[in-house]
Amino acid sequence: MQFLLNGIIAGSIYSLIALGFSVIYQTTRFFHFAHGAVYTFGCYFAYLFSVQLGLDRNIAFPLACIATMATGSLCELVVYNPMRKRNATDLTLLIASLGLYIVLQNIISMIWGDDTKTMRTGEVVEGHPLFGARVTDIQIIIFITSIILMVLLAFMMMKTKFGKSLRALSNDAGLARLSGINSDRYILYAFMIGSFLAAVASIMISFDTDMTPTMGFNALVMGVIAVIVGGINSLPGAALGGLFIGLAQNLGVYWLPSKWQDTIAFGILILFLLFKPYGILGKKPQKQLL
Amino acid sequence: MEYILHILILINIYIIVGMSLNLVSGYTGLISLSHAGFYGIGAYTAALLSLNFGVNFFVAIPACIVVAMAIGAAIGFPALRIRDDFFIIATFGFQVILFQVMNNWMELTNGPLGLPGIPQPTLFGYTFSSHFDFWILTALFAIIVYVILYRLTKSPFGNVLRSIREDDLFTQSLGKNVNQYKVLSFSIAAGLSAIAGALYAHYFTFIDPTSFTIPESIFMLSIVIVGGSGRLSGSIIGAVLLVSIPELLRFVGMPSSIAANMRQILYGGLLVLFMMFRPKGIYGEFGFRKQ
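These protein sequences, in sequence, are chains W and A. The first sequence begins at 57 in the working numbering and counts up by one. The second sequence begins at -15 in the working numbering and counts up by one.
Keep in mind the hints are simulated off the structure, nothing from the lab. Where a beta carbon is used, it is the ideal one built from N, C-alpha and C, also for glycine. There may be inaccurate statements among the hints.
As the list claims (entries may be wrong) - Listed next, the stretches of chain A that the computed footprint assigns to chain W, with coverage defined by at least 3 CB atoms under 8 angstroms from CB atoms of chain W:
no., region
1, 108 to 116
2, 225 to 238
What the hints assert, rightly or not - Partial chain W-side listing against chain A, Cβ under 8 angstroms, derived:
no., residue
3, Ala152
4, Leu154
5, Phe263
6, Gly308
7, Val309
To be verified - Taking CB as the label site, the calculated pair distances span:
no., chain 1, residue 1, chain 2, residue 2, range
8, W, Thr174, A, Met90, 28 to 34 angstroms
9, W, Phe218, A, Gly159, 47 to 53 angstroms
10, A, Gln164, W, Leu234, 39 to 45 angstroms
11, W, Leu327, A, Glu91, 24 to 30 angstroms
12, W, Ile336, A, Val50, 35 to 41 angstroms
13, W, Met212, A, Tyr134, 52 to 58 angstroms
14, W, Thr192, A, Leu153, 50 to 56 angstroms
15, A, Phe188, W, Phe218, 52 to 58 angstroms
16, W, Ile336, A, Pro239, 47 to 53 angstroms
17, W, Gln58, A, Glu269, 53 to 59 angstroms
18, A, Thr189, W, Asn137, 46 to 52 angstroms
Just chain A, same shape as in the assembly:
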């Protein structure tokens, strides 16, 4: 039971990540490879705030969002001037830099040793300690993020994002400040993924930089792409599938030494297959094809 709840918690966390990345990649059409970095910024901000200053989890969450949004905007503002595949390379570069900062800035992040002993969140004297508590907590946050993103994507703002995705020159000709919209969507996505990062840090009570690497970013991207880009429910499908299928491999009796490799082969292979045969994903509306 604990085990199943653990998987469900992971699914909830990745649903938040997937939906937020979908805002950038699926709705705005910008493939970003630095999402694991923002997720990591959320995790580190939450961990450092609670370890060094004893800040309550629920107070730290807005702080994580603000920090990640600010860094997202700072990165997005220059990077989004670059087009298509060069933008991907730039986000790739920022991802490596973010990782290196986490890994090398010993004084702040304790480097490769990681940060142990992150306290469990408390609210009015109640401590979220059991798996079930955490499942409720992550589910609540997933619902909040879903509602925020749902409202955003159905709003005029979301329509502008979609039209940027289909044809950004045309959108510009309608008098929209395309760059500003791109930066906004990039930084909102960064802020929302920081929520997932903070949840991750407080759930595992230990973080180190290896959780926030390029393969992790690619994993997040495959959640969006396999599930379906341009639809929030697609990311939910993607997170459920990609988190749970590798766990099923464990039941087939696969030794844990190659299970980690098989997990990566699985999502890498799915990424290739979906790009080959169904770029829209299982339930998406955008297939990365501009006219």
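Isolated chain W (complex conformation):
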């Protein structure tokens, strides 16, 4: 039972990261690896504002989210957008984002140091009993916030004009541009939304575990896996994939030592890539990805 619960909590975090990643992927069609570093910036900004500058958390955390959104947007404005203007392909964009990830992660190391930082107050709170397992307050907050954000995102994507434009852009960029959608601006919005989701996930996780400059790598990896497992072209798929990976990792601990958790996740990824490359919910695109 405890494994199941841990799986759901881990899964909801992965879902948030995967959703952010997927929003960006669907509008730009390339893997934004630097998203992992943007995610790490999320909790380090929160640390900066709430611990180092001593601001109240109600002000510090929204500020951190805004700063993270700015970081994500800067990636797009400074690197990707000029590249797209110069006829970059998704392959060159992907390689650039790998480089960008390395740069951003090392900037974090240089500013805040490589050691582990924490925002927890120190006292160990005993969890509440639930179905024979224990959950802590922060785990409940993680779960509820994730659900709320997912519902909000679904509402925005399905019901508002803004969401429709974004979806149009991801369906057929050329046609969307013809019907008067400013693609550059909407891609920027996608980066903002994605970075916002990453910031929230990262701040929440930093209360459950601690933070290190390289934490974004693992999160990103799980996000990518979740996106592919759930279905590369589907937002609900990304959420489902995150949950699936979280559960698989935590239930896998039954049979294998926990040090193999990442291997389980990658094993799943490779099986999916080979046998079901469009994921659980994804449909095969009509135009073959040639």
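Mind docking chain A on chain W? Use the hints.
Relative to the frame of chain W, chain A by itself:
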């Protein structure tokens, strides 16, 4: 002098790595992020053979090549069915798995503690112990690898690889078994990078899994891309530049605490800049743009 030789040895090792990765990424057009893994397989195979069985370095080298080629083919065969960016994700996944095996399989690899005390190579009673000896040794291997790759890339085999890079559907329509060629180029590159790994293990006499991680793979990729993809001499330029420039930072008086970060920022930044302004690299012929 020792220090300069040390840098030159590293350059030689990375020239081997860069040229072998160039075969996959530059000539065949497949970006692979698992190259550090194969490099690590070479290092671990050489180390384990010499530590556990006392196998001579020069006998171990072919064994390293065979092991890495076999694993390369085993990984390449399924992974190469996937296209472009999904292939990159798959190699990324295999890289993490290879790292985790090195890190977690305590019984075989001694995990994060690493393998100390790898003996220096001997040949007919002569031990390669000084930096100068090692420089000669690595240079010899670099030349051998260069010749092998030069012959390969100038041969009809190399032409098929280049045509796969430009348009693999068209190549297939000419009756070439595209997948087989891709797997071959992937596994040859894995085998050649294992030579570099074995040299690395015997030079440092100590290895641990942290030398074979994803950032290392990205570093290898940036050697190929900055130097120039699709040309062997490009990888030589890339290795010389990317290994030596961070060392120059040390002379400018940069404290060693941030030197490691600066090194990574440097090659990450170069990767971004080259992708933005010159995807072909300094002296390359392929810019990752298909028609």
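Okay, the hints, checked on the actual structure:
{"no.": "1", "hint": "108 to 116", "in the structure": "violated (count 0)"}
{"no.": "2", "hint": "225 to 238", "in the structure": "violated (count 0)"}
{"no.": "3", "hint": "Ala152", "in the structure": "holds, 4 angstroms"}
{"no.": "4", "hint": "Leu154", "in the structure": "holds, 5 angstroms"}
{"no.": "5", "hint": "Phe263", "in the structure": "violated, 26 angstroms"}
{"no.": "6", "hint": "Gly308", "in the structure": "violated, 13 angstroms"}
{"no.": "7", "hint": "Val309", "in the structure": "violated, 14 angstroms"}
{"no.": "8", "hint": "Thr174(W) with Met90(A): 28 to 34 angstroms", "in the structure": "holds, 29 angstroms"}
{"no.": "9", "hint": "Phe218(W) with Gly159(A): 47 to 53 angstroms", "in the structure": "holds, 51 angstroms"}
{"no.": "10", "hint": "Gln164(A) with Leu234(W): 39 to 45 angstroms", "in the structure": "holds, 43 angstroms"}
{"no.": "11", "hint": "Leu327(W) with Glu91(A): 24 to 30 angstroms", "in the structure": "holds, 26 angstroms"}
{"no.": "12", "hint": "Ile336(W) with Val50(A): 35 to 41 angstroms", "in the structure": "holds, 39 angstroms"}
{"no.": "13", "hint": "Met212(W) with Tyr134(A): 52 to 58 angstroms", "in the structure": "holds, 56 angstroms"}
{"no.": "14", "hint": "Thr192(W) with Leu153(A): 50 to 56 angstroms", "in the structure": "holds, 54 angstroms"}
{"no.": "15", "hint": "Phe188(A) with Phe218(W): 52 to 58 angstroms", "in the structure": "holds, 55 angstroms"}
{"no.": "16", "hint": "Ile336(W) with Pro239(A): 47 to 53 angstroms", "in the structure": "holds, 50 angstroms"}
{"no.": "17", "hint": "Gln58(W) with Glu269(A): 53 to 59 angstroms", "in the structure": "holds, 57 angstroms"}
{"no.": "18", "hint": "Thr189(A) with Asn137(W): 46 to 52 angstroms", "in the structure": "holds, 48 angstroms"}
Checked against the numbered hints given earlier, the structure breaks hints 1, 2, 5, 6, 7 and satisfies all the rest.
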